[in-house]
Amino acid sequence: DSGVTQTPKHLITATGQRVTLRCSPRSGDLSVYWYQQSLDQGLQFLIQYYNGEERAKGNILERFSAQQFPDLHSELNLSSLELGDSALYFCASSGSRLAGAHNEQFFGPGTRLTVL
Amino acid sequence: GNSVTQMEGPVTLSEEAFLTINCTYTATGYPSLFWYVQYPGEGLQLLLKATKADDKGSNKGFEATYRKETTSFHLEKGSVQVSDSAVYFCALSDRNTGTASKLTFGTGTRLQVTL
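Chains A and B are the protein sequences, given in the same order.
The end of the first sequence is residue 116 by the working numbering, with every number in the run present.
The end of the second sequence is residue 231 by the working numbering, with every number in the run present.
Read the hints as simulated data drawn from the structure, not as lab findings.
All values derive from a computational prediction rather than experimental measurement.
Straight-line C-alpha distance at most 30 angstroms; calculated DSSO-like pairs for lysine-lysine: (1) LYS57(A) / LYS168(B); (2) LYS172(B) / LYS193(B); (3) LYS184(B) / LYS57(A).
Let's have the full structure, built from the sequences with the hints guiding it.
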């Protein structure tokens, strides 16, 4: 168990809909990352938040957005969903204020999104 | 930009065989290198890491050495078990300046070990 939790585990929805994926980082971790894993694109970085602020952006579509709240949990919002958005979405955390800065990331179990 | 190239899979081995999964990278500066493992139906787990040239990461019988001269980080295990069957991802991260940075992953190599 990595200590990173993600809900829901599975999500099935229709095209055009909007969903929210939730992530709780390991206790003390300040950074949250979102990754998308799909068959055709592999594992791709979407976005990083550090202590509530956006820190880095990757291949994230404009239809997608994220935020990190004061309690450090994060949400990834996906809107106007398309069939091609079906994928496994992982959250990872790092940067424990207790252990000092380091670049090891711990992954949650993922949310499998199916768009029908 | 950064990139990671892994050998194509699947790799099928008999139990107790020797494993090598090749990984090479392209990066500016001096990245940290990682191997992650994904068991069926699960998330990614960090297997091992190396943060500077000539470092050797090791865990659970797996080893990989950070080779700056060949920009490689090949994963090896002397004797694989059926329980090692999984997908293995090589990844790199820019050297951090206070906070970790995003991981760039290879395409993953599926390993299947048979009795």
